[in-house]
Amino acid sequence: DAGVTQSPTHLIKTRGQQVTLRCSPKSGHDTVSWYQQALGQGPQFIFQYYEEEERQRGNFPDRFSGHQFPNYSSELNVNALLLGDSALYLCASSVKNRGEAFFGQGTRLTVV
Amino acid sequence: AQKVTQAQTEISVVEKEDVTLDCVYETRDTTYYLFWYKQPPSGELVFLIRRNSFDEQNEISGRYSWNFQKSTSSFNFTITASQVVDSAVYFCALSEGGSQGNLIFGKGTKLSVKP
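Sequences listed follow chains A and P, in order. According to the working numbering, the stretch in the first sequence is residues 1 to 112, in order. According to the working numbering, the stretch in the second sequence is residues 1001 to 1115, in order.
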């Protein structure tokens, strides 16, 4: 049973560029949440997708957007990258309103 | 506002010692969930436990145990007879209401277990 998978594992982008990160949830899970983890900090909630709609959003600017596909996989898009966007981006999947969230291994984004 | 505080930034112990990781939370909700996750160097967050606000029973799972006390808003985690493989960053997290989508994490405690 595959767990949560994220791609790519590492990414280097230039300031001002746009990036797309991808997440496939654990089998049987229908809800995907995205988190940003800066070095030495705890993860911070970006947003959550369920039934292809954004259901909850954390305190992140509109440059951060997402999408969920009918197969429950999800994308995180970040526009106009800033140096401060450099972080580990974690995807978590769960079954709506029950059960614990399972996390992927993350995508390490470096903005130069 | 909701908040999770892990006051211990780093802890270093010698193998076989017991170690307790502290977690204090703040919330105005009466219904909430508390979690502990382990993050090894690979980066993936590994789920350890979930506890809802109505269940104050302590839990033991092998060498791991958790002490939930609503009176002090604490959810502490103890590893008995620590092993080198326990070395990781441990995060305590809180989610409010019935939804578990928005996890509020503490800053984590880095545990180093030396042989």
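Source of the hints: derived by calculation from the structure; they are not laboratory data. Ideal placement from N, C-alpha and C gives every residue a C-beta, glycine not left out. Incorrect hints may have been included.
[As the list claims (entries may be wrong)] Pairs of lysine-lysine, BS3-like flavour, derived with a Cα cap of 25 Å:
| no. | chain 1 | residue 1 | chain 2 | residue 2 |
| --- | --- | --- | --- | --- |
| 1 | P | K1114 | P | K1016 |
| 2 | A | K96 | P | K1110 |
| 3 | P | K1003 | P | K1110 |
| 4 | P | K1003 | A | K96 |
| 5 | P | K1038 | P | K1016 |
| 6 | A | K26 | P | K1038 |
| 7 | P | K1070 | P | K1038 |
| 8 | A | K26 | A | K96 |
| 9 | P | K1070 | P | K1003 |
[Claimed, not checked] With the C-beta cut set under 7 Å, the calculated list includes, among others, these residues of chain A facing chain P:
| no. | residue |
| --- | --- |
| 10 | Q41 |
| 11 | A87 |
| 12 | L88 |
These are the hints, each one checked on the structure:
| no. | hint | in the structure |
| --- | --- | --- |
| 1 | P:K1114 with P:K1016 | holds, 9 Å |
| 2 | A:K96 with P:K1110 | violated, 31 Å |
| 3 | P:K1003 with P:K1110 | holds, 19 Å |
| 4 | P:K1003 with A:K96 | holds, 23 Å |
| 5 | P:K1038 with P:K1016 | holds, 19 Å |
| 6 | A:K26 with P:K1038 | holds, 18 Å |
| 7 | P:K1070 with P:K1038 | holds, 23 Å |
| 8 | A:K26 with A:K96 | holds, 13 Å |
| 9 | P:K1070 with P:K1003 | holds, 15 Å |
| 10 | Q41 | holds, 6 Å |
| 11 | A87 | violated, 11 Å |
| 12 | L88 | holds, 6 Å |
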